[in-house]
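A.B. asks: Residues per chain, in single letters:
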Amino acid sequence: MLETALKGRQGYWGWLIFLLFMMGLGFGCYIYQFHEGLRITGMSRDVSWGFYIAQFTYLVGVAASGVMVVLPYYLHDYKAFGRITVLGEFLAIAAVTMCLLFIFVDLGYPLRIMNVIMYPTPNSILFWDMIVLNGYLLLNIFVGWNVLSAERKGIMYPKWVKVLAYISIPWAFSIHTVTAFLYAGLPGRHYWLTAIMAARFLSSAFCSGPALLILVCLIVRRVSNFDPGKEQIRTLGGIVAYAMILNVFFFLLELFTSFYSQIPGHMHTFEFLFRGLEGHGRLVPWMWTAAAFALISLVLLIVPATRRNEDTLAVACVSVIVATWIDKGLGLIIGGFTPNPFERVTDYWPTTPEVLITLGVYATGFFVMTVLYKIAVSIKEEVGA
Amino acid sequence: MGIDRREFLKVAGLSALFGLGGRAAMDILAPGELEASAEIPPLKKGKQWAMVVDALKMDEAVMDKCIEACHHEHNVPDLGTPKEEIKWIWKEDYEHTFPDQENPYIAEEFEHKTFLLMCNHCTHPPCVRVCPTKATWQREDGIVMMDQHRCIGCRFCMAACPFGARSFNWGDPRRVLRVAELKELNRGFPWNHNYPTRSKGVVEKCTFCPERLAKGMLPACVEAANKVKKGSMIFGDLADPESEVREVLRKRYSIRRKPELGTEPKLFFAI
Amino acid sequence: MYDGWKIIVGLIVCLAFFTFPFFYDAGKAAKAPEPVLTPKAKEAKECVAPGAYMKRYHMQLLEDWRNTAVRGGERYYDTGNPTWHLRVMDKIADATASAGERLYKSVERKVYYKSLQVTCMDCHSNKSKFCDQCHNYMGIAPYCWECHIEPEEKK
Numbered sequence: 001m002l003e004t005a006l007k008g009r010q011g012y013w014g015w016l017i018f019l020l021f022m023m024g025l026g027f028g029c030y031i032y033q034f035h036e037g038l039r040i041t042g043m044s045r046d047v048s049w050g051f052y053i054a055q056f057t058y059l060v061g062v063a064a065s066g067v068m069v070v071l072p073y074y075l076h077d078y079k080a081f082g083r084i085t086v087l088g089e090f091l092a093i094a095a096v097t098m099c100l101l102f103i104f105v106d107l108g109y110p111l112r113i114m115n116v117i118m119y120p121t122p123n124s125i126l127f128w129d130m131i132v133l134n135g136y137l138l139l140n141i142f143v144g145w146n147v148l149s150a151e152r153k154g155i156m157y158p159k160w161v162k163v164l165a166y167i168s169i170p171w172a173f174s175i176h177t178v179t180a181f182l183y184a185g186l187p188g189r190h191y192w193l194t195a196i197m198a199a200r201f202l203s204s205a206f207c208s209g210p211a212l213l214i215l216v217c218l219i220v221r222r223v224s225n226f227d228p229g230k231e232q233i234r235t236l237g238g239i240v241a242y243a244m245i246l247n248v249f250f251f252l253l254e255l256f257t258s259f260y261s262q263i264p265g266h267m268h269t270f271e272f273l274f275r276g277l278e279g280h281g282r283l284v285p286w287m288w289t290a291a292a293f294a295l296i297s298l299v300l301l302i303v304p305a306t307r308r309n310e311d312t313l314a315v316a317c318v319s320v321i322v323a324t325w326i327d328k329g330l331g332l333i334i335g336g337f338t339p340n341p342f343e344r345v346t347d348y349w350p351t352t353p354e355v356l357i358t359l360g361v362y363a364t365g366f367f368v369m370t371v372l373y374k375i376a377v378s379i380k381e382e383v384g385a
Numbered sequence: 001m002g003i004d005r006r007e008f009l010k011v012a013g014l015s016a017l018f019g020l021g022g023r024a025a026m027d028i029l030a031p032g033e034l035e036a037s038a039e040i041p042p043l044k045k046g047k048q049w050a051m052v053v054d055a056l057k058m059d060e061a062v063m064d065k066c067i068e069a070c071h072h073e074h075n076v077p078d079l080g081t082p083k084e085e086i087k088w089i090w091k092e093d094y095e096h097t098f099p100d101q102e103n104p105y106i107a108e109e110f111e112h113k114t115f116l117l118m119c120n121h122c123t124h125p126p127c128v129r130v131c132p133t134k135a136t137w138q139r140e141d142g143i144v145m146m147d148q149h150r151c152i153g154c155r156f157c158m159a160a161c162p163f164g165a166r167s168f169n170w171g172d173p174r175r176v177l178r179v180a181e182l183k184e185l186n187r188g189f190p191w192n193h194n195y196p197t198r199s200k201g202v203v204e205k206c207t208f209c210p211e212r213l214a215k216g217m218l219p220a221c222v223e224a225a226n227k228v229k230k231g232s233m234i235f236g237d238l239a240d241p242e243s244e245v246r247e248v249l250r251k252r253y254s255i256r257r258k259p260e261l262g263t264e265p266k267l268f269f270a271i
Numbered sequence: 001m002y003d004g005w006k007i008i009v010g011l012i013v014c015l016a017f018f019t020f021p022f023f024y025d026a027g028k029a030a031k032a033p034e035p036v037l038t039p040k041a042k043e044a045k046e047c048v049a050p051g052a053y054m055k056r057y058h059m060q061l062l063e064d065w066r067n068t069a070v071r072g073g074e075r076y077y078d079t080g081n082p083t084w085h086l087r088v089m090d091k092i093a094d095a096t097a098s099a100g101e102r103l104y105k106s107v108e109r110k111v112y113y114k115s116l117q118v119t120c121m122d123c124h125s126n127k128s129k130f131c132d133q134c135h136n137y138m139g140i141a142p143y144c145w146e147c148h149i150e151p152e153e154k155k
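Chains as they are written, first to last, in this note's numbering: chain A, 1 to 385; chain B, 1 to 271; chain C, 1 to 155.
Hints in this document: simulated from the structure, not taken from any laboratory.
Among the hints, a few may not be true.
Covered stretches of chain C (chain B as the covering partner; in silico rule of three or more C-beta atoms under 8 Å from a C-beta of chain B) [unchecked claim]:
1) 61-72
2) 139-147
In silico DSS-like links for lysine-lysine, alpha-carbon gap of 25 Å or less [as the list claims (entries may be wrong)]:
3) C:40 to C:129
4) B:183 to C:154
5) A:7 to C:6
If you want a taste of the chain A side facing chain B, the calculated C-beta under 8 Å gives, among others [what the hints assert, rightly or not]:
6) 39
7) 44
8) 45
9) 108
10) 115
11) 119
12) 124
13) 125
14) 127
15) 186
16) 188
17) 189
18) 342
19) 344
Computed from a predicted model, the values in this text were never measured in an experiment.
Glycine included, every Cβ here is placed at the ideal spot set by N, Cα and C.
Kindly generate the complete structure, drawing on both the sequences and the hints.
C.D. replies: Encoded structure:
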């Protein structure tokens, strides 16, 4: 099936070459980081995780969201999604690839990464995160690839593939739950130490991931002869709407607990994010931007007319992605470290090489996704023709 | 001396080694410590090392001596910027040492007091719980130890530590030998040729000097403190009711940082 | 065969590229260097284990020292106690282990402080002639010296 990725139009090749260029740029910066150490990033003793780990967290959500097309198809026999399950699975593959790369570029001593396997430590959540992420990657590769090649041959996929697909459903929930546990079990980090963290992660995953999938489906329809389908996009829109409502609801729950109880430690981070603390307010405009986009997306998603109109739905999806990305990709990690254990505030902002490495990883993920989607779409066109 | 005599003799029983000869062993053990004893003492057994800082005796001049002694002993460089700062032992004011003990009407004596901080060697260390490679772990004697050979630099322990006791090598610490301004800040680095530096990309912190304990010596900071002001720092076995630390804790009111988190720090401040 | 000449040329280029190091160095075998002993090391006559054994297994011994000293808290090494040797032999393949058994003889009973930087390099203070020569010849670069301070050598 790989050969289908080698035949494409000019736009396809142009896009791949652009991604390769960005990957090269990121790789170059990584060599620099490898040589100089992580001091070339904006991270510090106080904010000791930054942009990389934040992107990792966000993308675990995108990866987990593949389940939102897999689950209705396999568990509820919702036939319409049969057309696009493979798109969900391939999106998950690309997202997990990026997750693993983000963990890698964040390591201080990357040559020793195999220590995690050589000295397995089950009491560390990071150990379990490694297991669930790699497992989820393999599950999606096996299921996606086999279902697609069966479709090409016009036969039913083998039974064991269906077993793996069933396994992948709770597995998808596990990857984001375990990732939330990375944060939610740390004493002394009030912003993270909350039982609702995993639920918040899952709700934000199940709105941002399907939102991205809707946008990708709209692009696929425009650049190929394969139409993911009106009904499919409409159902996905409903999923995004529910998940986004839950996401905002959970956030409001956090606000209530913090501010009604008036416990300073619980309020500090929110103050830092939305008002600025001790004169540090770099994230304030970002967080209000996120709030504004969340509001716009909610209006567009809740009003049936705008949700069912693909143009306004696309706007809503972009808004969801912007809002959830700022929330998880900036606020969550930086906020969690602020204020520090001495209740002091240290500013963090990613440096240029840090951003370029991040873009390089994103480019790698989009490269994987483009190639996989090209294969999937070519086969769909072939079968449809 | 912070350790009582009986305890010290047990530790110093390593002098058994002296009887067996060995040029290297002789070089390391200072002659005074080599009191005779029949066997190598089981250092790990039944010990729970703990530290008491006497906040009334301790003053900033003594603290500075302690910090210098520790950072020179362990080749901890001054990297010139708080962003990359590495500290094993450091000073902090009351408000930021005990942020959960906010009290606008606290006695003036404490309002402006400075405290000497280091790793708490918690009884239930969150850093150990999260480490994915066992690069940091708890020894039987309670010391929360670091293996810089094992650390992958994921910095999970730094996120988990509620006391800000851990530092990361954002760059190569030996950079201070190459960069002119840093060279100026670190004259004579590496100060201790019997202790390694670290490499870039690993986490480090106070270790209660197990390499000194093994030779029957006190941690570098305690030794330095007691040279200037006797009794300002007390180190010993928390498991032994007869030990000096236990005696001080029996007689004096003591506080610890963030006790509500349940990590049970073994660094006490007698006030 | 379509594009046959392209494939053949490609194969030849690949083959030439991958075998280039062999042609480049053909007939230029360098002599294996011998580690040089300092007067102090010569005087001591014996290391912590027999010389032939150390030549072959110093890496395993150092790793054992590192683990038992840093992780196990046992900072002294008693040559009279061969448990470390059994531990080391446990870790290596059978064929080499039997060679190790042959090479291993107990040395005079002494106690050493387990430390590459303090103990080993005290005798072998000529790192460039004792360690580096061979390591360079073998094309390996142990990362010990990223942290451990090497002795200053007089030129």
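A.B. asks: Next, verify each hint and record whether it holds.
C.D. replies: Status of the hints after comparison with the structure:
1. 61-72: The restraint on the stretch 61-72 of chain C holds, since 3 of its residues have a Cβ under 8 Å from chain B and three suffice.
2. 139-147: Satisfied; 3 residues make the cut.
3. C:40 to C:129: Distance of about 14 Å is within 25 Å: holds.
4. B:183 to C:154: It holds: about 23 Å lies between the C-alpha atoms, which stays within 25 Å.
5. A:7 to C:6: 20 Å, holds
6. 39: 4 Å, holds
7. 44: 4 Å, holds
8. 45: 5 Å, holds
9. 108: Since chain B brings a Cβ to about 2 Å from residue 108 (chain A), closer than 8 Å, the hint holds.
10. 115: Holds, because the Cβ-Cβ distance from residue 115 (chain A) to chain B comes to roughly 4 Å (cut-off 8 Å).
11. 119: Check passed: Cβ of residue 119 (chain A) comes within 5 Å of chain B, closer than 8 Å.
12. 124: 4 Å, holds
13. 125: Holds. Min distance 7 Å.
14. 127: Where the cut-off is 8 Å and the nearest Cβ of chain B is about 5 Å from residue 127 (chain A), the hint holds.
15. 186: 5 Å, holds
16. 188: OK, holds: residue 188 (chain A) within 8 Å of chain B, min 3 Å.
17. 189: 7 Å, holds
18. 342: The hint holds - residue 342 (chain A) has a Cβ within 8 Å of chain B, the shortest such distance being about 4 Å.
19. 344: 6 Å, holds
Checked against the numbered hints above, the structure breaks none of them.
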